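Trainee: Chain H is fixed; fit chain S onto it per the hints.
First to last, the sequence lines map onto chains H and S. The opening residue of the first sequence carries number 27 in my numbering; numbering runs sequentially from there. The opening residue of the second sequence carries number 27 in my numbering; numbering runs sequentially from there.
Think of the hints as simulated: they come from the structure by calculation, not from any bench. In this text, all values refer to a predicted model and were calculated from it rather than measured experimentally. Errors might be hidden in some of the hints.
One copy or any two copies: either way a pair holds, since identical chains are not told apart in the list.
As the list claims (entries may be wrong) - Under the rule of at most 20 Å between Cα atoms (straight-line distance), these lysine to any residue pairs were calculated in the SDA-like manner:
hint, residue 1, residue 2
1, K64, A345
2, K327, E237
3, K296, A330
4, K426, R115
5, K371, D292
There are 2 protein chains.
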Amino acid sequence: MNTASETLLTDLYELTMAQAYLAQEMTGIAVFEFFVRKLPSRRNFFMAAGLEQVLTYLETFHFAERDLDWLAQTGNFTPSTLAALRAMRFTGDVHAMPEGTVFFPHEPILRITAPLPQAQLVETRVMNLLNFQTMVASKACRSVMVAEGRPLIDFGLRRSHGAEAGLLAARASYLAGFAGTSNVLAGARFGMPTYGTMAHAFVQAHHDEAEAFLHIAQAQPRNVVLLIDTYDTEAAAEKVVALATSLKNQGISIHGVRLDSGDLADHAQKVRLILDRGGLTDTKILASGNLDEERVEALLKSGAPIDRFAVGTAMTTSADAPYLDCAYKLQEYAGRPCRKRSEGKATWPGRKQVYRRLGRDGRLDGDLITIEGETRPGLPLLHPVMQNGRRLAPSPSIEKIRDHARLALAELPDTLRRLDQAAPYDVRIAEALEQLAQQVDRHT
Amino acid sequence: MNTASETLLTDLYELTMAQAYLAQEMTGIAVFEFFVRKLPSRRNFFMAAGLEQVLTYLETFHFAERDLDWLAQTGNFTPSTLAALRAMRFTGDVHAMPEGTVFFPHEPILRITAPLPQAQLVETRVMNLLNFQTMVASKACRSVMVAEGRPLIDFGLRRSHGAEAGLLAARASYLAGFAGTSNVLAGARFGMPTYGTMAHAFVQAHHDEAEAFLHIAQAQPRNVVLLIDTYDTEAAAEKVVALATSLKNQGISIHGVRLDSGDLADHAQKVRLILDRGGLTDTKILASGNLDEERVEALLKSGAPIDRFAVGTAMTTSADAPYLDCAYKLQEYAGRPCRKRSEGKATWPGRKQVYRRLGRDGRLDGDLITIEGETRPGLPLLHPVMQNGRRLAPSPSIEKIRDHARLALAELPDTLRRLDQAAPYDVRIAEALEQLAQQVDRHT
Numbered sequence: 027m028n029t030a031s032e033t034l035l036t037d038l039y040e041l042t043m044a045q046a047y048l049a050q051e052m053t054g055i056a057v058f059e060f061f062v063r064k065l066p067s068r069r070n071f072f073m074a075a076g077l078e079q080v081l082t083y084l085e086t087f088h089f090a091e092r093d094l095d096w097l098a099q100t101g102n103f104t105p106s107t108l109a110a111l112r113a114m115r116f117t118g119d120v121h122a123m124p125e126g127t128v129f130f131p132h133e134p135i136l137r138i139t140a141p142l143p144q145a146q147l148v149e150t151r152v153m154n155l156l157n158f159q160t161m162v163a164s165k166a167c168r169s170v171m172v173a174e175g176r177p178l179i180d181f182g183l184r185r186s187h188g189a190e191a192g193l194l195a196a197r198a199s200y201l202a203g204f205a206g207t208s209n210v211l212a213g214a215r216f217g218m219p220t221y222g223t224m225a226h227a228f229v230q231a232h233h234d235e236a237e238a239f240l241h242i243a244q245a246q247p248r249n250v251v252l253l254i255d256t257y258d259t260e261a262a263a264e265k266v267v268a269l270a271t272s273l274k275n276q277g278i279s280i281h282g283v284r285l286d287s288g289d290l291a292d293h294a295q296k297v298r299l300i301l302d303r304g305g306l307t308d309t310k311i312l313a314s315g316n317l318d319e320e321r322v323e324a325l326l327k328s329g330a331p332i333d334r335f336a337v338g339t340a341m342t343t344s345a346d347a348p349y350l351d352c353a354y355k356l357q358e359y360a361g362r363p364c365r366k367r368s369e370g371k372a373t374w375p376g377r378k379q380v381y382r383r384l385g386r387d388g389r390l391d392g393d394l395i396t397i398e399g400e401t402r403p404g405l406p407l408l409h410p411v412m413q414n415g416r417r418l419a420p421s422p423s424i425e426k427i428r429d430h431a432r433l434a435l436a437e438l439p440d441t442l443r444r445l446d447q448a449a450p451y452d453v454r455i456a457e458a459l460e461q462l463a464q465q466v467d468r469h470t
Numbered sequence: 027m028n029t030a031s032e033t034l035l036t037d038l039y040e041l042t043m044a045q046a047y048l049a050q051e052m053t054g055i056a057v058f059e060f061f062v063r064k065l066p067s068r069r070n071f072f073m074a075a076g077l078e079q080v081l082t083y084l085e086t087f088h089f090a091e092r093d094l095d096w097l098a099q100t101g102n103f104t105p106s107t108l109a110a111l112r113a114m115r116f117t118g119d120v121h122a123m124p125e126g127t128v129f130f131p132h133e134p135i136l137r138i139t140a141p142l143p144q145a146q147l148v149e150t151r152v153m154n155l156l157n158f159q160t161m162v163a164s165k166a167c168r169s170v171m172v173a174e175g176r177p178l179i180d181f182g183l184r185r186s187h188g189a190e191a192g193l194l195a196a197r198a199s200y201l202a203g204f205a206g207t208s209n210v211l212a213g214a215r216f217g218m219p220t221y222g223t224m225a226h227a228f229v230q231a232h233h234d235e236a237e238a239f240l241h242i243a244q245a246q247p248r249n250v251v252l253l254i255d256t257y258d259t260e261a262a263a264e265k266v267v268a269l270a271t272s273l274k275n276q277g278i279s280i281h282g283v284r285l286d287s288g289d290l291a292d293h294a295q296k297v298r299l300i301l302d303r304g305g306l307t308d309t310k311i312l313a314s315g316n317l318d319e320e321r322v323e324a325l326l327k328s329g330a331p332i333d334r335f336a337v338g339t340a341m342t343t344s345a346d347a348p349y350l351d352c353a354y355k356l357q358e359y360a361g362r363p364c365r366k367r368s369e370g371k372a373t374w375p376g377r378k379q380v381y382r383r384l385g386r387d388g389r390l391d392g393d394l395i396t397i398e399g400e401t402r403p404g405l406p407l408l409h410p411v412m413q414n415g416r417r418l419a420p421s422p423s424i425e426k427i428r429d430h431a432r433l434a435l436a437e438l439p440d441t442l443r444r445l446d447q448a449a450p451y452d453v454r455i456a457e458a459l460e461q462l463a464q465q466v467d468r469h470t
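Okay, chain H solo, but in the shape it has when bound (with noise of 0.2 Å):
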């Protein structure tokens, strides 16, 4: 995972761009503006994640000699070109939402302001990033509204998209809710909770499944949790009641079993009664196994005993929607705005604003997209977040981001926390706006 030179993490076209643009010294103020375009069929709402990787990249954005040396062997960019990218740091502005909030299709979460030649790129690496968080998130969030509470595990990270998606999956869906990870590097890097159990290749590499049992107590005695379907999931479920004494006696006690085949609804239920049956009340269950929000909310449905569920690759991955339709489009150039009408792809021109409304029982009232500058009523929802390419605060914590996000939640409307697709969400384009889109059509 040799990973230098993420500034080289970027489409051709950029550089080309930018080589154009240096030439014909276009390096006038540019406004671009990252949203999306419409919602996946399975979400009713997005939650936006990812600015905190955004603001670490362009603050730290810059070519460096080796970056130089492999583009100027291309033999396609001129020495001017090369001289100007050494040189180069973003020192634009960046107005966004904070992550964690809730947000719809066509308000811009993010919008940077910054010379032509900066603002374009970073385009590929601002989409990279917030593209993937912001999907993350918003598919974790489905199990932390029906899990009502209960705790969710994020062990997606043999199937995520490599390493960096794993580690980004993990901290999304932790702000989004989840209670923690299995990813060690994560927990690491980011200060999150992470939780193991144990794998079925343990089990099988005893003789005995009761032996497993004990030494894997024994090596993580303060968090013990068993998985108990590697053979006969029952059958394990006594071997655990049976172990529970002689592991008290040597002050373990077990904190969970995990099942992860088979009718697990099914299971649960016979697994709890021989658990409560052999005393071990306390003792958990964790579910795992081809998890998703939908499954989760079709368990406790069914009234299954489950205290608490690995979610692994369909969150991960967003299996049912595995990318946002999402846009980095320029909106303003050197003082005058425009917009893309490229068939089905139409943007809305200018620097924008996103106000929201709540209702009097504190519920999302509606959304209005107006232009910067106009002030309407409700919550503007894009604050400035850097300032000449320096951040105006210290990131929130992971945890007051968090918070953030679980009032977001709370403020949603019960139709939009279903799983299932709601009417949309009312969201409105101000009188402002569409008139400055005509009048930029009528200009070009």
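Mentor: Only chain S this time, still in chain H's reference frame:
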């Protein structure tokens, strides 16, 4: 993108189990195999990819001091575990199918033979690397088959799941037969061709579309591909024709135009006519915009005069199947074959080999999964690639892997080459393996 500590990029339970194995002196030789349980509904085969990154990971596997410090402060690891981890390197053997090999469910593509704690600890990252690249290669080669020689370019970076996904998707699609990528870092890292055009923002930043075309052509004179759908596609095509003469006088020819929205087939027809009428018969048409193999096939079947395709998000995220149902399972420990019998997730025990028969037409004619050491008709697909933690030979170049993949696709029967679901390919379990499974079951 701070990516220290790849070794901590693992599930917590791997470390806990390692602690238990070490405490119990369970350091005998373990055999794990990686395989995929079943085909997604829109795949007829898989293409193996990711081995190169796995071998690099294994060769460089070690815990850095900062990793050990972090583990120590969690309070969950004993001094003797930490000492063992500090000294640990990967000293095992690896057998694998070469990258670019076509394979089917239940066929192992990688076998790791190593002391149990090592073989267990590498599980998460090995799965993470093989799952992702194999998934992308298996998706990408579907576009390769339907494009019938027309160049395909990876444009997926912005919606790939983070940095490493973008990088490795470029690699995996290239080895599967793509012509190159827009991803500059992938070009620098893997020596693969990079391609770029221009963005709508570039046109919008100019007052005049024709002026934008001129400026980008001057900025990358060796590969001029003009994006013509920002406002009116056919009107822009006329501007391209008008520009061609003056560019020719500057020694610049217009290599292609790019269509990115609307009815691509219809626009391609009209644009082809305009270009040909204007004498630009050599100017290629590149199509992009939410393309996948189904759309590429439909466009070509409709007779659309499209010369090359940029395939992005759908390929990079394998959007219709964004993960594989893959597993890394313990098949033998300390000379004793073992298997998991969990409901719906049972595995075949022991060290395995896959034999492939070719028919008289040179096409695949049936695979046999058997136990290692049993010689059967056909070609064995698993080969030793690492011994005692060291590669047995230098890695093949990516060009050589491409050649292997091209041959593998050419050997596919026509039914498996189609996009729609084919009857399953004939993969049999050898009697020797069936017997071993029964024997293992009797002794568990």
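Trainee: Taking 20 Å as the upper bound on the Cα-Cα distance, should K371 and D292 be classified as within, between, both, or neither?
Mentor: Classified as between; 17 Å across copies, 49 Å inside a copy.
Trainee: With identical chains treated as interchangeable, where does the CA-CA distance between K64 and A345 reach 20 Å or less: within a copy, between copies, both, or neither?
Mentor: Both ways: K64 and A345 sit 17 Å apart in one copy and 16 Å across, limit 20 Å.
Trainee: For the identical chains here, do K296 and A330 meet the 20 Å Cα criterion within one copy, between copies, both, or neither?
Mentor: Result: close within a single copy only, 10 Å intra versus 60 Å inter.
Trainee: Go through the copies and call it for K426 and R115: within, between, both or neither, with a Cα cutoff of 20 Å.
Mentor: Neither: 30 Å inside a copy, 39 Å across copies.
Trainee: Between the shortest in-copy and the shortest cross-copy C-alpha distance, which are at most 20 Å for K327 and E237: within, between, both, or neither?
Mentor: The answer is neither: 36 Å in one copy and 62 Å across copies each exceed 20 Å.
Against the hints set out earlier in the document, violations occur for numbers 2 and 4.
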